[in-house]
Amino acid sequence: MSGKPILHYFDGRGRMEPIRWLLAAAGVEFEEKFMKTREDLQKLRNDGDLMFQQVPMVEIDGMKLVQTGAILSYIASKYNLYGKDMKERALIDMYTEGIADLNEIVLIYPFLPSEKKEASLSNIKDKARNRYFPAFEKVLKSHGQDYLVGNKLSKADVYLVVILYHVEELDSGIMANFPLLKALRTRVSNLPTVKKFLEPGGKRKPFEDEKCVKIVKNIFQLN
Amino acid sequence: MSGKPILHYFDGRGRMEPIRWLLAAAGVEFEEKFMKTREDLQKLRNDGDLMFQQVPLVEIDGMKLVQTKAIMNYIAMKYNLYGKDMKERALIDMYSEGVADLNDMVISYPYLPPAEKEASLANLKDKARNRYFPAFEKVLKSHGQDYLVGNKLSKADVSLVQVIYHTEELDSSVMANFPLLKALRTRVSNLPTVKKFLQPGSKRKPSEDEKRIEEIKKIFS
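Line by line, the protein sequences give chains F and C. Anchor point for the first sequence: position 57 equals 57 in UniProt numbering, and the numbering is continuous, going up by one each time. Anchor point for the second sequence: position 42 equals 42 in UniProt numbering, and the numbering is continuous, going up by one each time.
Rather than coming from a laboratory, the hints here were simulated on the basis of the structure. Wrong hints could be hidden among the right ones.
[To be verified] For lysine-lysine, the following PhoX-like pairs were computed, each having C-alpha atoms within a straight-line distance of at most 25 Å: (1) LYS87(F) <-> LYS152(C); (2) LYS78(C) <-> LYS152(F); (3) LYS152(C) <-> LYS43(F); (4) LYS84(F) <-> LYS64(C); (5) LYS152(F) <-> LYS152(C).
Please take these sequences and the hints and turn them into a complete structure.
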């Protein structure tokens, strides 16, 4: 188990951002190798490093792991961010999967053609305000504890906080309706490991700007 | 931990079928409550049973679990279909998620408008033949063992076998180039619990016919 994990992706949030956050929250330093051109992706494919020809890919503990959920689960297991037993894991997984569903529409937004953006933004706001955020506010209200499951930080809390920040960028007033989520976000953001990650110079990625979008569309041949 | 798991879904494959397969492979009997109308879905929502207003929902061990992957992981843990340690779990998860990506294409196919079906089927065949099945054939070839991970049945094997059957229904010659996958399918299908599930009268669901598809669309419209 030598060396830091190596993250293979483009220099942007995409599907890798929750992984960066989780490693950071666990206090794990990592390296990044950014794809800049289609040839960079082709090289990873030709070298046989991508089981399904896709990124994210994380080299960790002698494995070349792909599939975001698998990577998050391994990191959570290794660094005790996965609850204390099978039932807590089930809740953590259920919450994580809900967050991931919302993240699907959030992460793709910067890459949509301009004529599709308005409808998508409406959908994101509706789902966040009426389906996902209320569900998690209800969980926190139900037990009054500091974290979603078992009174202990887990991958579900970290991933939820990522989404809270990213949705707020698109819907600035949203957090006003969710006081317990706001408190969770503050609490998690103030953990020493996360605080460091959020400071300038940390590996957190900004919202994808036009330059980044262009590079990504070129790598993946998106229209 | 009393009573059988209860599966809430429509009477069809959809996103519940991998869960039925996994419970069956584990030898676990379960009950099913089928939604037939939009009102049935509304009732589940109004009763507060669906965390994100969606099915599948599985009532198991006092929990009302939603999200297919969370349900699969819990069943796999409980019935020892999740490897022996963290690293085996990582491989099992990686394989399962690849299978799930292919299964998403298979699940959605019956519900597509006719104009979209041809292109979608071509994409599905291409991904199965050129991306997913070669990846798993390679895994089996690399270690020569009977199962994908740790020489022991896991949720990855069960899910893969399910998607192999369902893909073959849409692409009848797809298995021609994958002898090790064929052998895995035979091996898993012959396990007593799976064999029983594959026989008539079991809870395995057939592919959705047109009438069923129209009913299902009405539930979720």
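Status of the hints after comparison with the structure:
1. Taking the CA atoms of LYS87(F) and LYS152(C), the gap is about 24 Å. The hint holds against a cut of 25 Å.
2. Under the criterion of a C-alpha separation no larger than 25 Å, the hint pairing LYS78(C) with LYS152(F) is consistent with the structure, at around 22 Å.
3. Taking the CA atoms of LYS152(C) and LYS43(F), the gap is about 33 Å. The hint is violated against a cut of 25 Å.
4. Between the alpha carbons of LYS84(F) and LYS64(C) the distance comes to roughly 19 Å, so the proposed pair stays at or under 25 Å and holds.
5. The straight-line distance between the Cα atoms of LYS152(F) and LYS152(C) is roughly 33 Å, outside the 25 Å bound, and the hint therefore fails.
Comparing the model with each numbered hint stated earlier shows that hints 3 and 5 do not hold.
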